[in-house]
Amino acid sequence: MDGLQVGLQFLFTGLNPLQQILHCVLQWATFARSWFVIDARMQPPGKIATMCSVRLQGKHKPIYHAMSDCGDHVVVINTKQIAFSGNKWEQKVYSSHSGYPGGFKQVTAAQLHHKDPKAIVKLAVYGMLPRNLHRRTMMQRLHIFADDELPEDIQANLTEELPQPREIPRKLSEYTQEEIDAFPRLWTPQ
Amino acid sequence: MAARSMLRSVWTSFAGLKVGATCPMVKVQQRIIVPQLPALTVQSRGIRQVVEKKDNKTTTIEGQILDVPAAPQPPNPTAKCPIYRWNLQHKYNYTDVLLLSQFIRSDGGLLPRKITGLCLEEHRKIAICVQMAHRAGLLPDHKPKLPEGHVPKRPKPQLNRYLTRWSIDSVKPIYKSGLKWSKRRMPVGDPALKDNVCYSVKPLYLKH
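Chains as they are written, first to last, in UniProt numbering: chain A, 1 to 190; chain B, 1 to 208.
Chain A on its own, in the form it takes in the complex (with noise of 0.2 Å):
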């Protein structure tokens, strides 16, 4: 079939077949779906919602436009082992209502976390994404796994792994012994 395709074509263009078939080639490559990893593992969940929102509408392609249809699959690792800065935990409240009166729930991150790790980064990239009717179809899109196991299909198809945002400070434990003597003494006591 798609030879014939490519002869019929080649009746009407001047490009030769081998030309041809490098275009459906290069086609082919450019609007292909892709899959990431991202490792959330003691990052800050905002900008790990960043990335992953950039990746999901497809806007690190040159060649995005908003109604073609071209964003990823992002797949997300290790939510439950996000780090919020600050005193985050504890004072950001996510609020919910469930439609009834005195529907009202306001959770802060900690319980949030305990009670689904996945959430906090959902609701996170939901907010990032644009308000109108592809945010769900972005949504499906996106893969949150709270730790580090993935189920075999999704492991097959991924292709990049996404640097870190956030630079992991090393604990003093993990300071090798000569780091630390190769380290001067700032003061002698007297």
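Hints are not guaranteed to be accurate.
What the hints assert, rightly or not - Derived pair list, reagent style DSS-like, types lysine-lysine, alpha-carbon separation capped at 27 Å:
#1 Lys114(B) <-> Lys194(B)
#2 Lys156(B) <-> Lys80(A)
#3 Lys105(A) <-> Lys202(B)
#4 Lys156(B) <-> Lys91(B)
#5 Lys105(A) <-> Lys172(B)
#6 Lys145(B) <-> Lys47(A)
#7 Lys172(B) <-> Lys47(A)
#8 Lys115(A) <-> Lys114(B)
#9 Lys114(B) <-> Lys47(A)
#10 Lys183(B) <-> Lys47(A)
#11 Lys156(B) <-> Lys171(A)
#12 Lys207(B) <-> Lys172(B)
#13 Lys145(B) <-> Lys171(A)
#14 Lys176(B) <-> Lys122(A)
#15 Lys171(A) <-> Lys194(B)
#16 Lys47(A) <-> Lys180(B)
#17 Lys57(B) <-> Lys115(A)
#18 Lys118(A) <-> Lys172(B)
#19 Lys122(A) <-> Lys207(B)
#20 Lys105(A) <-> Lys122(A)
#21 Lys115(A) <-> Lys172(B)
#22 Lys115(A) <-> Lys105(A)
#23 Lys172(B) <-> Lys80(A)
#24 Lys183(B) <-> Lys202(B)
#25 Lys118(A) <-> Lys207(B)
#26 Lys47(A) <-> Lys207(B)
#27 Lys122(A) <-> Lys80(A)
#28 Lys172(B) <-> Lys122(A)
#29 Lys105(A) <-> Lys180(B)
#30 Lys171(A) <-> Lys80(A)
#31 Lys115(A) <-> Lys80(A)
#32 Lys122(A) <-> Lys156(B)
#33 Lys118(A) <-> Lys145(B)
#34 Lys115(A) <-> Lys153(B)
#35 Lys59(A) <-> Lys105(A)
#36 Lys47(A) <-> Lys61(A)
#37 Lys118(A) <-> Lys47(A)
#38 Lys156(B) <-> Lys61(A)
#39 Lys183(B) <-> Lys122(A)
#40 Lys59(A) <-> Lys122(A)
It is worth saying that the hints were derived from the structure and are not from the lab.
Here the structure of chain A is known, so what remains is to put chain B in place on it, guided by the hints.
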């Protein structure tokens, strides 16, 4: 400091002497030149290690002076505060654990300013950085000793955090955060570290 105190005692002893009336016409120099002691004779107490020796009935607790090799000279030796001596004024953060661990005790508390020799502002900045490092979990071995057999009532939730200004139990949730022009912001970091060197294009945000 000992050298300074020794020199001061020498100065006072010399000042106390009455200069003999050898030449009343010649103006006696008020300033008496104190002999400069060579560096080898300057005494310093040094870092000691506590060693306990137990015989049959006697226990001897000795403070043995450790042989510390000669440390490299700081780039600014005339300054009073150790951080100014090493030109680290606005360059350290809560992540610089190697620096912060030199000013803390084994159970996580800060050493007094009179011992470390820090100036007041730097002492406060280091206190803030040490607090933030403890809350971020970067100093796992400097926790206070709990009494034996202590079982925590409720298992504490292990939440990762960084740049926490306030203590965890003292903070209340922001139920009404307000409208765009009057939001109740969540503080991050500390304004004492506002003058730190910023290598990124974006400035340091303290209110999120």
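Checking each numbered hint in turn, tell me which of them this model violates, lowest number first. 3, 4, 6, 8, 9, 17, 33, 35 and 38
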